[in-house]
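Undergrad: Chain residues, written in single-letter form:
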Amino acid sequence: MYRYDEFDAAFVKERTEQFRYQVERRLSGELNEDQFKPLRLMNGLYLQLHAYMLRIAVPYGTLSAKQLRMLAHIARKYDKGYGHFTTRQNLQFNWPKLKDVPDILADLATVEMHAIQTSGNCIRNVTADQFAGATDEEIEDPRPLAEIIRQWSSLHPEFIFLARKFKIAVGTSLHDRAALKYHDMAVEIVKNEAGETGYRVWAGGGMGRTPYLAHLMREFVEREDILAYLEAVLRVYNQDSRRDNIHKQRIKILINAIGPEEMRRRVAREFEEIKAAGTLQLPAAELARIAAYFAPPKFEKLSDEMPGGDADFENWTKTNVHRHRAPGYAIATISLKPIGGVPGDCSHQQLDALADLLDRHGMAEIRVSHEQNLVLPHVRKKDLSAIFARLKELGLATPNAGLVTDIICCPGLDYCDLANARSIPVAQKIAERFADLDRQHDIGELKIKISGCINACGHHHAGHIGILGVDKKGVEYYQLQLGGSAAEDASIGEIMGPGFGEHEIVDAVERVIKAYTLLRINGERFLDTYRRVGMEPFKNMAYLDQLHAAY
Amino acid sequence: MPLIKNGTYAEDGFSVVADDAALPPGGAIVSLARFKKERETLLARNAPLGVWLKSDESPEALGEDVQRLSLVVLEFPKFRDGRAFSWARMLRTRLGFTGEIRATGDFLYDQLAYMTRVGFDAFEVSDKITPELLQRALKEMSLVYQPSAEGRKTIGQLRAGA
Amino acid sequence: MAGLALQMLTANRLVDGDVVYWRGGGWVEALSDAEIFSAKADAETALAAAQAFVAGNVVVNPYLFDVREERGGITPVKEREIVRALGPSVRTDLGKQAASLSPPPARRNRATFPQGGGERDDDVSI
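Residue numbers (numbering that gives the first Met the number 0), protein chains in the order written: chain A, 0 to 550; chain B, 0 to 161; chain C, 0 to 125.
So that you can see chain A by itself, here it is in the shape it has in the complex (with noise of 0.2 Å):
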């Protein structure tokens, strides 16, 4: 993984000088609340219902045993305890105190972390696919151009004060775990007829009140103009976006107004003259210095026989267990999803256990997946039955990856000042109901994400079954969207009608599983059924109970 050279470490210690000095204006005042909010944002603080949080930058998901233990020592010095992982592979603190946050990143810094540009209008984490260098379904691996992409937008003296945030992600589209069409600007890596890699640029997708899928801004830019690229993309979007609607100020509602067409003019155009000043370009020798760095670790030659265990082993090996590309490895989910459980919750002790797994068993990395799980990209499969044991002593082997019960929840109304309804409890009800292992296999794949309210953290429009939390006239309900996908074949879900009440929202949930599993054919997924019927008879089977109460 990347290290800091002198110039990073510089540069994060310097920042976290500036974040004390802007937390002292704060305290004596000389800052007020609106003045100060847009600066604590850009270093990752929110103040919340009980307190502030506090949103750690992981770089496209990827952290050391190293940082493992300084994340848990925070949790245990400043906080209570735990952390949280987000759909955006970074880590959340939900208790720091506003006093304490400049010792805070003094010791991320420690360990090449801070919290810079993780909220606020401006540039945010660039995030990769979790199994990035460890799977075979990409071209190459994103992580040394997510890096470059880093480093050019820390604090982008022309981008730091956006209309809105800008989320990036760099993949593939072979097989899409990074929700690439859902960002506002995506870098997928291709190759062009002529065998040359080199990068097809999305931009204009979001979640939010208005879902958008992204839009194809150009489709081959050579390696070493990216930067240029980017930049484009970013000034057409701070000239034009409109600044009077807070709601209408994403890059998404930008190309909607104007057009993919005019917006790929207009970027082509600032393109063509950043290319030729020259100043962005990405020499093919700095692009090799950075993606040495994230060389895999030496494969030894093994056994690709997957080691036999008892039908626990076996369960967490059929769903949490994924193909490597060097024989006698393995890719390891490790969830944070355990039933009835707060989805994506990490205790110190589980974060202190997992950095001695890595040192154990020789991995230098655990990876945040962007379903709210880590990620083990390197394991050796004659490890795996240990390193299971070890992580079912931790409470972290919940054979259920990508299962109905493997939700994607966002804190909601339990700790976000933004949300309307809980959604924590949703998801811990639905995991309760189907915690059956024989059920969840033969519902198969079942992707269930969980908002509290329109901001979509918990990326419901992307769910296969997406539940969106509202506030009717003071009363938590819970609208269901159905056929929502983040994968390489993107969709926005469709609202199926008026919300449930909480008490009714898992059986309404399940009823909708009931008649997937009635009308599916061919082992098809709970996806793949919808998108083949449609909404009405899971519509008819949700109000089933309305239905009857009718008559």
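Because the hints were derived from the structure by calculation, they are not lab data.
Please note that a few of the clues may not be correct.
To be verified - Straight line, CA to CA, 35 Å or less: simulated DSBU-like cross-link-like pairs of lysine-lysine:
no., chain 1, residue 1, chain 2, residue 2
1, A, K274, B, K35
2, A, K380, A, K65
3, A, K380, A, K391
4, A, K164, B, K138
5, A, K96, B, K35
6, C, K77, A, K76
7, A, K381, A, K391
What the hints assert, rightly or not - Stretches of chain B that chain A covers, calculated by requiring three or more beta carbons in the stretch to come under 8 Å of a beta carbon on chain A:
no., segment
8, 103-116
9, 129-142
Just so it is clear, CB atoms sit at the ideal spot from N, CA and C, and this is done for glycine as well.
Keeping the supplied structure of chain A fixed, place chains B and C upon it in accordance with the hints.
TA: Relative to the frame of chain A, chains B and C by itself:
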């Protein structure tokens, strides 16, 4: 309001002129609307000319005339409106403007470094920002990843030993 | 809402983000200690007085919220304010509910998930 130019307090040789007011003998700052309307007259004056751009007014509207201006004023109606960062950048790069780019309106001490890096060289300030504070602001982040208008070396260039 | 419209005043403390409530010209940490306003004018007066604490960098964003009498106690009307008063419903070991506050407002029945039929106080139309 005090003017800080090139790092120190400076006399303002310009006055802002309303759209319907008579032009003063010395340096004058007019709105873009007035500049478009009275372009010939304004450019023919034998006195420095500046144009005031609102945050939704692109300097592109000035075209090649920008070379004949001494000053462009970029307004921040609200410090969160960051369009002027791109306008300053456009003035320095696409339009090749070498005159004074002056910031006016609502901006923070915390934005001064970014503003300098995109090409601002003058700031109309309240008493909350002084030349000393400007110097401090410019030193907060000694290293930068992106190219700057003042030609400061980037981290990339430092790495390459440039 | 039928009956007397009652309100309380709340804010977050700047230095640590903690939830606080207005009481007699200052701030307390427990909702059960907070001042109740039955007259709109009194509520508005308190809100105005709270601005001094904003200017003094003690709290941020003070605002009034509705409460009502229920089961012999005072409880917020909105779920959001119950969460702010107590802490996350999914981690009852955290937040004010975990500290010994006397007595904390009970979580409303519909805020928990009863195994059988819980008391429902919302009217669901078909």
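Undergrad: Quick check: do three or more residues in the segment 129-142 of chain B have a beta carbon closer than 8 Å to a beta carbon of chain A?
TA: Three-residue rule met by the segment 129-142 of chain B, so holds; n is 4.
Undergrad: Check the hint pairing K274 (chain A) with K35 (chain B) against an upper bound of 35 Å on the C-alpha distance.
TA: Distance ~31 Å between K274 (chain A) and K35 (chain B) Cα, so the pair holds.
Undergrad: Hint check: K164 (chain A) vs K138 (chain B), CA-CA at most 35 Å. Holds or violated?
TA: Given that 35 Å is the threshold and the Cα spacing comes to 27 Å, the pair holds.
Undergrad: Taking only the CA atoms, is the gap from K380 (chain A) to K65 (chain A) under or equal to 35 Å?
TA: It holds: about 24 Å lies between the C-alpha atoms, which stays within 35 Å.
Undergrad: K381 (chain A) and K391 (chain A) were given as a pair; does the straight-line alpha-carbon distance stay at or below 35 Å?
TA: Satisfied, since the Cα-Cα distance of roughly 17 Å is no more than 35 Å.
Undergrad: For the pair supplied as a hint, K380 (chain A) and K391 (chain A), is the alpha-carbon distance within the 35 Å limit?
TA: holds (17 Å)
Undergrad: Counting residues of the segment 103-116 of chain B whose CB is closer than 8 Å to a CB in chain A, do you get three or more?
TA: holds (count 7)
Undergrad: Is the hinted pair K77 (chain C) and K76 (chain A) satisfied, with a Cα-Cα distance of at most 35 Å?
TA: Holds: K77 (chain C) and K76 (chain A) sit about 33 Å apart, inside 35 Å.
Undergrad: Does the structure keep K96 (chain A) and K35 (chain B) at a Cα separation of 35 Å or less?
TA: violated (53 Å)
Violated hint: 5 only; the structure is consistent with all others.
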